[in-house]
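So the protein lines, in turn, are chains R and G.
Just so you know, the UniProt record's numbering puts 192 at position 192 of the first sequence, and the rest follows in order with no gaps.
Just so you know, the UniProt record's numbering puts 389 at position 389 of the second sequence, and the rest follows in order with no gaps.
To be clear, the hints were calculated from the coordinates, so they are not data collected in a lab.
Each hint should be verified, as a subset may be incorrect.
Because identical chains share one entry, a pair is satisfied inside a single copy or across any pair of copies.
List time: in silico SDA-like cross-link candidates among lysine to any residue, alpha-carbon distance up to 25 Å [claimed, not checked]:
1. 25 to 369
2. 273 to 145
3. 273 to 157
4. 28 to 67
5. 273 to 205
6. 10 to 279
7. 58 to 46
8. 277 to 9
9. 207 to 3
10. 327 to 66
11. 58 to 407
12. 28 to 361
13. 369 to 410
14. 277 to 142
15. 352 to 410
16. 207 to 1
17. 173 to 14
18. 25 to 67
19. 352 to 312
20. 152 to 290
There are 2 protein chains.
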Amino acid sequence: MTLINENYLKLQGSYLFAEIARRVKIFKEENPTAEVISLGIGDVTQPLAPVVIDALHKAVEDMASAETFRGYGPEQGYDFLREAIVNTIYKARNTDIAADEIFVSDGAKSDCGNIQEIFGSDNVIAITDPVYPVYLDTNVMAGRTGEYIADKGIFENVVYMPCTAQNNFLPQKPTQHVDMIYICCPNNPTGTTMTKDQLAQWVKYAKENNAVLLYDAAYSYFITEDDVPRTIYEIEGARDVAIEFRSFSKTAGFTGMRCGYTVVPKTVMGYTKSGEKQALNPLWNRRHTTKFNGTAYIVQRAAEAVLSAEGQKQIQATIDYYMNNAKIIRQGLSDAGIEYFGGVNAPYIWLKAPNGMKSWEFFDLLLTKAHIVGTPGAGFGPSGEGYFRLTAFGDTANTLKAVERIKTNLNF
Amino acid sequence: MTLINENYLKLQGSYLFAEIARRVKIFKEENPTAEVISLGIGDVTQPLAPVVIDALHKAVEDMASAETFRGYGPEQGYDFLREAIVNTIYKARNTDIAADEIFVSDGAKSDCGNIQEIFGSDNVIAITDPVYPVYLDTNVMAGRTGEYIADKGIFENVVYMPCTAQNNFLPQKPTQHVDMIYICCPNNPTGTTMTKDQLAQWVKYAKENNAVLLYDAAYSYFITEDDVPRTIYEIEGARDVAIEFRSFSKTAGFTGMRCGYTVVPKTVMGYTKSGEKQALNPLWNRRHTTKFNGTAYIVQRAAEAVLSAEGQKQIQATIDYYMNNAKIIRQGLSDAGIEYFGGVNAPYIWLKAPNGMKSWEFFDLLLTKAHIVGTPGAGFGPSGEGYFRLTAFGDTANTLKAVERIKTNLNF
Numbered sequence: 001m002t003l004i005n006e007n008y009l010k011l012q013g014s015y016l017f018a019e020i021a022r023r024v025k026i027f028k029e030e031n032p033t034a035e036v037i038s039l040g041i042g043d044v045t046q047p048l049a050p051v052v053i054d055a056l057h058k059a060v061e062d063m064a065s066a067e068t069f070r071g072y073g074p075e076q077g078y079d080f081l082r083e084a085i086v087n088t089i090y091k092a093r094n095t096d097i098a099a100d101e102i103f104v105s106d107g108a109k110s111d112c113g114n115i116q117e118i119f120g121s122d123n124v125i126a127i128t129d130p131v132y133p134v135y136l137d138t139n140v141m142a143g144r145t146g147e148y149i150a151d152k153g154i155f156e157n158v159v160y161m162p163c164t165a166q167n168n169f170l171p172q173k174p175t176q177h178v179d180m181i182y183i184c185c186p187n188n189p190t191g192t193t194m195t196k197d198q199l200a201q202w203v204k205y206a207k208e209n210n211a212v213l214l215y216d217a218a219y220s221y222f223i224t225e226d227d228v229p230r231t232i233y234e235i236e237g238a239r240d241v242a243i244e245f246r247s248f249s250k251t252a253g254f255t256g257m258r259c260g261y262t263v264v265p266k267t268v269m270g271y272t273k274s275g276e277k278q279a280l281n282p283l284w285n286r287r288h289t290t291k292f293n294g295t296a297y298i299v300q301r302a303a304e305a306v307l308s309a310e311g312q313k314q315i316q317a318t319i320d321y322y323m324n325n326a327k328i329i330r331q332g333l334s335d336a337g338i339e340y341f342g343g344v345n346a347p348y349i350w351l352k353a354p355n356g357m358k359s360w361e362f363f364d365l366l367l368t369k370a371h372i373v374g375t376p377g378a379g380f381g382p383s384g385e386g387y388f389r390l391t392a393f394g395d396t397a398n399t400l401k402a403v404e405r406i407k408t409n410l411n412f
Numbered sequence: 001m002t003l004i005n006e007n008y009l010k011l012q013g014s015y016l017f018a019e020i021a022r023r024v025k026i027f028k029e030e031n032p033t034a035e036v037i038s039l040g041i042g043d044v045t046q047p048l049a050p051v052v053i054d055a056l057h058k059a060v061e062d063m064a065s066a067e068t069f070r071g072y073g074p075e076q077g078y079d080f081l082r083e084a085i086v087n088t089i090y091k092a093r094n095t096d097i098a099a100d101e102i103f104v105s106d107g108a109k110s111d112c113g114n115i116q117e118i119f120g121s122d123n124v125i126a127i128t129d130p131v132y133p134v135y136l137d138t139n140v141m142a143g144r145t146g147e148y149i150a151d152k153g154i155f156e157n158v159v160y161m162p163c164t165a166q167n168n169f170l171p172q173k174p175t176q177h178v179d180m181i182y183i184c185c186p187n188n189p190t191g192t193t194m195t196k197d198q199l200a201q202w203v204k205y206a207k208e209n210n211a212v213l214l215y216d217a218a219y220s221y222f223i224t225e226d227d228v229p230r231t232i233y234e235i236e237g238a239r240d241v242a243i244e245f246r247s248f249s250k251t252a253g254f255t256g257m258r259c260g261y262t263v264v265p266k267t268v269m270g271y272t273k274s275g276e277k278q279a280l281n282p283l284w285n286r287r288h289t290t291k292f293n294g295t296a297y298i299v300q301r302a303a304e305a306v307l308s309a310e311g312q313k314q315i316q317a318t319i320d321y322y323m324n325n326a327k328i329i330r331q332g333l334s335d336a337g338i339e340y341f342g343g344v345n346a347p348y349i350w351l352k353a354p355n356g357m358k359s360w361e362f363f364d365l366l367l368t369k370a371h372i373v374g375t376p377g378a379g380f381g382p383s384g385e386g387y388f389r390l391t392a393f394g395d396t397a398n399t400l401k402a403v404e405r406i407k408t409n410l411n412f
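For reference, chain R alone in the conformation it holds in the complex (with noise of 0.2 Å):
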């Protein structure tokens, strides 16, 4: 008798979008003049650079002929492009990560979701709440959590941490020992980040601790403010306790094209029950090598076109037109009297629903008074209710658009 995997019975159902969907169609056919606009979009809308479509066109023409095609490339991801990140993303902050600690990849989403099959099935594991739900689910689907407590929406054994406007969004340091930490900064939903001395904390906490920090930077390129370190490796010491997950799907476009990387320094060190030290490293590679075959060579190639020179100052551009975005709708708020949070170091403006209202709540409101689609926070964690996301990746005609309406129809 085959046995699936009953972890997998724990999990929630993917309700959010799927009742975000269902209440937009409802009021959609109860009110067919109504011109909706999404400020609720997750994905880019802007296309590739045009120096990642050259490159494109060159690398598909490589496939054309024997002399200059490619077949199966190192799993880790070539040579070029892992060059490319370490001169264009680590050396560019003063930070020591080599070649051979870079695991290009399919996404971050994979990263994030696989990381934790190199870990012992009895770690603790940490995350910030509301967040990014990969982290949560997939170590529910390895057996790392116990039942869902549906009442206060949490999983046993897992450690939440709060963020919220109470604790300006600053996860605490958990009270227990936790061996498995997710910190996704700038964080998705909230759009908040730490300073390099909070961040320094928690380095501080890991190697005290023995604990490994998962650090998701998919949003790094969206930071504005000097303080705020563009890589964890900025901070002294997280070579040692620090996995660093990047992708190149938010900063240059690449939701549709699937390319991220994955830095574990050789430094990082996890243990055996018996208390020997082993690091993550050639585990990780293992893990790369055996269940994933590379990423393909035009996608490859498309990285490394957006790490040259004229692309990093293309996708600059794209990148300073969502955050444009960011600043209409964060001024709009303000002119509202709504509370937010966020915006400023990434595409997402988190938004505090006026008069204790809660999440959908402030959802049915802004569809039905403003035709405006959103995200109810209350889907991302427990602490996320009473909260709403909005995001940057509209365009402005649309965003502007938006906010007029939230402020003639909505305030308070």
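Based on the hints, put chain G in the right spot on chain R.
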């Protein structure tokens, strides 16, 4: 203290290709004028088909403007590709597979490696021996095996099904109960296949034993004989017990493009420990959507082109080219008095090392006498000892030259 997954420490080093490279390097240093030809290539060498190149350029242009840009797609694959697969692969063979039973991925290696995650950790796995090492290694990593027994070259708690000339490379039904049965057909490395009747016996066995067949059909486009099924779903009842893995890699030269797919019929069931039935399709869907974010849009358009009528014609021409190489190798081995198998329905020729030689002895003989590199069969499992793999993926001129050398220098 962050614990590691200690199952990784049970894995054996990927010794095979490193050792081949080491011996070739020494030979070349000692014989700088020798022209070494590789018949060990496991990768394609011919370029992508013209229709695929056209589709890629067109898809790249889609990514260049906001109107046609594609961001996140459905994790399971775009409908245009899932439907093309249904029509070209399954309806064409009169098999009943629906689009929502198909999961597009970045390749069959990932899928073959990841599939075990949806199964219980107490299941017993069965693998043919010799075989592609990913099935076994990923189960070792997941803790579904015991320790490695070095003197036997096997892992505890795994049922090995020897496939040798003695049993015509047909795996015998296990005498103990097994839950997850991996079958690679056409087989890598032996190049042998099963007829419909022989495969039907496995479907029957799986039904009677509540087991699941994990059927790797990555080489099915190389089948030339009528009685060998192109998909396991040609066998009556397979929809209830079999998951099928397929790939564009060898089929269409996509080893550097990365696209495959897995078919999980909604009628394939697993069980909870308490005996309740659970369909595997929603479990795989959950795994795929949580730990993967879809295959690149441009790659999916390329795969769609492969499945078009013109695409099928063009890839067949390349497959014919490789299979002509296979024929040349087979003829040469016959002439040299070397017994071989495979090479008729697969790009692999599996030869029996003459005079009771061991695999590595024959490797050294072939290299030193004929300056040809191949792959020792012992690297694919204990029952591969004494065998040797040659592949048809080289170019024809070199293949002809290699065969002449074998006939001249290695007559038995």
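Tested hints:
1. 25 to 369: within (16 Å within a copy, 73 Å between copies)
2. 273 to 145: both (19 Å within a copy, 19 Å between copies)
3. 273 to 157: The answer is both: 19 Å in one copy and 22 Å across copies each meet 25 Å.
4. 28 to 67: Between copies, since 23 Å is at most 25 Å while 55 Å is not.
5. 273 to 205: Answer is within: at 21 Å inside a copy they meet the 25 Å cutoff, but 40 Å across does not.
6. 10 to 279: between (32 Å within a copy, 15 Å between copies)
7. 58 to 46: Both: 22 Å inside a chain and 18 Å across chains, each within 25 Å.
8. 277 to 9: between (34 Å within a copy, 12 Å between copies)
9. 207 to 3: Close across copies (14 Å), not inside one copy (39 Å); limit 25 Å.
10. 327 to 66: Intra 50 Å, inter 22 Å, cutoff 25 Å: inter-copy only.
11. 58 to 407: Classified as neither: same-chain Cα gap 48 Å, cross-chain 43 Å, threshold 25 Å.
12. 28 to 361: Intra 18 Å, inter 74 Å, cutoff 25 Å: intra-copy only.
13. 369 to 410: within (7 Å within a copy, 85 Å between copies)
14. 277 to 142: both (23 Å within a copy, 21 Å between copies)
15. 352 to 410: Only inside one copy: residue 352 and residue 410 sit 13 Å apart there, 80 Å across copies, limit 25 Å.
16. 207 to 1: So residue 207 and residue 1 pass the 25 Å test across copies only (10 Å; inside, 45 Å).
17. 173 to 14: neither (29 Å within a copy, 41 Å between copies)
18. 25 to 67: between (53 Å within a copy, 23 Å between copies)
19. 352 to 312: For residue 352 and residue 312, the Cα distance exceeds 25 Å both inside one copy (34 Å) and across copies (56 Å).
20. 152 to 290: between (39 Å within a copy, 23 Å between copies)
In this structure, the earlier hints numbered 11, 17 and 19 are contradicted, and the remaining ones agree with it.
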